[in-house]
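*Asks:* Sequence:
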Amino acid sequence: MGRQLRPRKPRPSYGTVLDTHSEEEEVAQNKTRSKTRIEDEPEDVVMGYESGGSDFVPDRDQSKTKKSFKSAPGSKSQSEDGSDREEEEEEDEGEEDFVKRPLKLKGKGRAKANTKPTKKKSPQERKVRIVAHGNAMDPTAISQNSANSGPSHRQSASTTTGIRRYQKMYSLPTPSVHHRHRPVPLFNLPNSKVDRLISPPKLFEQPRTEETNGFTSNPKICDRVGKSWGYNVGPGPLWELVEDRSWFKEACKDESENKRTRPLVHEHISVKAGWRILNREQASPYLPADTTTSDGGQFNPPPPVVCSFGPFDSQTKIEVFMFDAFPMARYIPESKAHVFNPGAPAWGLDWCPIHEDDRRVRPTQYLAVAPFPSRQHSPEIGKKLQAGISSPGSVQIWSLSPTRQKEELAPKQKRKVNKGKGKAMDNVDADGDQVMNNTSEDDVDIGKMTCEMILCLDSGPVHALKWVPLPTNSSFVEKGPDRLGKLGLLSGTFEDGSFAIHVVPDPVDVRREAGKAPSDEPIFVHLPAPILKVELEAETSCWSFDWANSEVVAIGTTGGVIAVYDFSSALKAVENPDTPTLTSASHPHVMLPTHYITVHQCAIRALAWLRAPPQRYQVQAANKKRGKTHELPTEEDWDSPTVIASGGYDGMECMTDIREGRGVVMNRTRDVINTMTFAPYSGGPITIDHENIVKVYSASPMMLGRGHLLMEPQGPVWSIDASDYHPQLVVGSADGSCSTTNTLRSTRRDGPVPFLIHKIYHMDYNRNLQEFRMLEKFLSLETQEKPTSSIQKAQSKAKAKNKPLQPDWNTGAWPQEVGVQVATWNSSNGLSNAGLLASATGSGLCRVDYLWGRWMRDKCPYTDISSIRMEGMEMESSTDSESA
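Numbering (the numbering used here), first residue to last: 41 to 924.
None of these hints come from the bench; they were simulated from the model. For each residue, glycine too, the CB sits at the ideal point set by N, CA and C. Heads up, some of the hints might be wrong.
[Unchecked claim] FRET-style restraints, in silico, Cβ to Cβ:
| # | residue 1 | residue 2 | range |
| --- | --- | --- | --- |
| 1 | Glu396 | Lys423 | 41 to 47 Å |
| 2 | Pro620 | Asn319 | 24 to 30 Å |
| 3 | Ser354 | Gln426 | 15 to 21 Å |
| 4 | Pro351 | Glu731 | 29 to 35 Å |
| 5 | Pro343 | Ala291 | 32 to 38 Å |
| 6 | Thr634 | Met896 | 45 to 51 Å |
| 7 | Gln246 | Pro351 | 33 to 39 Å |
| 8 | Asp904 | Glu822 | 25 to 31 Å |
| 9 | Asp697 | Asp353 | 35 to 41 Å |
| 10 | Val517 | Asp335 | 32 to 38 Å |
| 11 | Gln322 | Ser559 | 16 to 22 Å |
| 12 | Thr634 | Asp353 | 56 to 62 Å |
Please take these sequences and the hints and turn them into a complete structure.
*Replies:* Written out as structure tokens, the structure reads:
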């Protein structure tokens with residue numbers, strides 16, 4: 041006869057509510073788990089059960105004397121309080137909801153499950169039997185113990201591990217390398233309108249666009265566009281799907297239109313007075329140089345970069361001198377890339393935003409490049425230059441301009457046409473020759489790279505460089521002959537530990553002022569002082585930064601502090617070219633930080649704003665869609681983003697809400713976080729993890745903190761950049777490769793489209809010959825993800841044994857000269873220029889690519905783009921169902 045259990049006493053169980061146990065109870069539970077298991081009345085075996093401890097474990101004294109206790113109908117085991125009985129019934133309902141079906145036992149004597157619905161039993165009628173641990177899968181043990189059942193008791197659902205606890209109201213999905221969650225947009229703008237391309241874009245030509253539904257204007261459209269992006273198998277974006285997903289508060293001031301555009305800002309700011317033009321000899325201290333000196337004691341110019349270009353089996357070796365540039369079409373005819381040499385390795389690279397109306401007049405694209413003084417220059421973190429001593433530095437302005445003007449025609453090329461045969465040709469002259477020009481699809485103008493201007497600065501070398509994200513250029517249309525226009529506002533952090541904003545003059549106007557005709561020789565301009573300068577305390581230097589919009593900037597310091605500045609009042613104070621430089625000492629009322637938050641333990645290397653509209657703006661957009669006229673109370677502070685993602689030399693990746701004043705650790709790795717970017721299409725920051733892994737982390741509430749692996753380069757990652765126009769991600773790594781991948785890939789690995797990584801080019805270096813070679817035209821590779829579970833690891837090892845041995849070319853060290861140090865998309869000059877990609881290497885060579893993608897098997901899903909965007913269809917937004 042089996043032993044009987046003591047009756048349960050009517051005492052409150054705080055462990056059931058709070059799920060807390062003392063150390064003595066945990067020890068007793070561990071002893072009980074090895075001896076007992078529980079089985080329910082329909083002979084359902086609950087696997088993974090862990091005993092709660094107190095209610096079903098007999099006292100030690102009682103086990104020695106083998107005394108039994110039975111509960112009488114009138115005993116205290118039956119609750120006298122009706123509320124306790126109701127709580128138990130509610131828990132029974134929850135327990136039955138979680139356990140839907142019994143476990144099927146293997147063997148001839150397995151118990152048959154009762155699939156018919158049973159009547160819910162009271163706690164006194166539910167029977168629990170104790171069977172020996174280890175016989176859970178033995179039907180004989182169950183049948184033998186079934187006859188010797190004890191008194192009826194019930195077990196709380198919150199004390200088992202096989203049944204979900206009430207304290208945990210969510211369930212995380214099981215991680216798998218073969219499954220990934222679809223990215224959730226960080227913000228939704230119902231009924232929003234955007235522009236889309238209706239024909240393949242061409243450089244230096246105005247794109248043909250039409251209005252369509254935005255990516256998040258409707259949940260169905262969001263789902264269709266997201267799935268359609270997964271069919272991209274090219275290195276660049278699909279021109280049919282590109283749209284502007286950026287959000288700036290300046291673009292939303294005019295709420296009369298649903299369409300958001302990037303406006304022209306800071307038009308009142310002019311070029312600061314005191315600038316002057318230098319000759320080559322005067323500008324030589326500011327230019328990159330070699331470490332060797334001449335007989336006169338001056339540094340020699342940097343030596344040329346010896347590099348081989350072209351196909352792998354027939355490369356051509358050339359010497360690239362400082363300020364030289366050439367198109368890759370010389371060696372690879374189908375290439376649209378350009379290579380240029382700024383003279384030294386560049387760590388700052390950014391495209392200048394130009395307003396849409398001015399791009400029609402001048403389609404030239406401008407690129408700011410910040411090289412180091414020499415190839416051997418290595419700055420120390422946190423070490424400033426001596427106060428009062430100016431250190432030369434430079435920023436180069438390169439242009440990508442068309443080779444011919446719109447009204448000019450290329451020389452005619454003639455091809456003989458047989459008269460009287462075939463169809464009549466429109467482009468045939470009197471001699472019967474067909475006229476060919478360079479404007480056809482077979483001969484696209486890829487432009488040329490030119491170093492237009494060198495900005496000579498006295499703040500030292502540049503550590504980080506970015507333009508103000510919105511257009512700040514002077515109008516190219518209404519420009520007077522005697523007026524010096526500006527190209528934009530350029531900001532950066534310098535080796536003297538400061539953050540400064542400079543007004544960059546227009547190179548065309550500077551050449552006119554100097555009386556020089558356009559040529560391949562750059563013009564040297566000395567800028568005396570910035571319009572705005574931030575200098576922190578003696579122990580802290582400005583290291584990294586990112587703009588939230590045209591007024592708010594976050595600066596990461598070498599002391600682990602994030603300083604947020606609102607320059608709206610300061611920039612308005614710059615009324616004329618003679619306005620002195622604004623500093624915290626001279627203008628403390630407009631130059632003090634609004635937030636000064638300690639987030640990291642050491643220097644902050646990477647920083648990125650999560651550019652998303654405030655909740656107020658989204659609620660107003662939803663109310664407008666539903667036809668509601670009332671508006672919620674507004675707060676001016678909500679107009680700018682409030683969340684910052686940062687990474688530092690301490691290996692921590694944090695997300696900081698400046699309204700809370702503290703950072704939250706998103707991830708921690710044993711590595712330096714060199715880069716971080718915000719991806720509007722992925723809904724969160726993208727950064728690096730251990731073992732050179734590139735991961736995206738979701739910032740949306742429903743997927744907060746969930747990370748997914750995107751790619752794993754062969755070396756440490758130097759730079760990551762995501763575009764506002766498309767979901768293609770570019771990664772520059774220390775192994776010399778510049779690669780792209782799609783962040784909106786399919787959710788299943790076994791889907792029709794593989795997870796591809798496209799290597800744009802690869803740098804290689806011969807230490808003996810001190811020569812480089814640039815390799816390209818690589819085949820796309822499928823992402824190889826490492827297994828996470830022990831079963832998957834065992835399967836991968838078994839497969840590896842059957843494969844023939846192959847040489848392992850992986851290595852852990854690369855020359856510093858081959859690393860791709862910075863890469864950036866053109867995210868500020870319209871849809872037609874969204875495929876422009878600029879990158880800089882440690883050799884000093886920089887490159888500009890023009891990339892576009894293509895559909896899988898050249899087939900567009902959902903028939904066409906209008907079906908993907910659901911154009912002309914009546915849709916109901918998800919907010920319509922949310923009636924007040």
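*Asks:* Each of the hints needs a verdict: does it hold here or not?
*Replies:* Structure-based check of each hint:
1. Glu396 to Lys423: 41 to 47 Å: holds, 43 Å
2. Pro620 to Asn319: 24 to 30 Å: 28 Å Cβ-Cβ, so the 24 to 30 Å window holds.
3. Ser354 to Gln426: 15 to 21 Å: The hint (15 to 21 Å, Cβ to Cβ) is violated, given that Ser354 and Gln426 are roughly 52 Å apart.
4. Pro351 to Glu731: 29 to 35 Å: Because 33 Å falls inside the window, the suggested range holds.
5. Pro343 to Ala291: 32 to 38 Å: Roughly 47 Å apart at Cβ, these two residues miss the hinted range, so it is violated.
6. Thr634 to Met896: 45 to 51 Å: Between Thr634 and Met896, where Cβ atoms are some 48 Å apart, the hint holds.
7. Gln246 to Pro351: 33 to 39 Å: Since Gln246 and Pro351 have Cβ atoms about 35 Å apart, the given range 33 to 39 Å holds.
8. Asp904 to Glu822: 25 to 31 Å: Check passed, 28 Å falls within 25 to 31 Å.
9. Asp697 to Asp353: 35 to 41 Å: With Cβ atoms ~55 Å apart, the hint is violated.
10. Val517 to Asp335: 32 to 38 Å: 52 Å Cβ-Cβ, so the 32 to 38 Å window is violated.
11. Gln322 to Ser559: 16 to 22 Å: holds, 19 Å
12. Thr634 to Asp353: 56 to 62 Å: 59 Å Cβ-Cβ, so the 56 to 62 Å window holds.
Violated hints, in rising order: 3, 5, 9, 10; the structure is consistent with all others.
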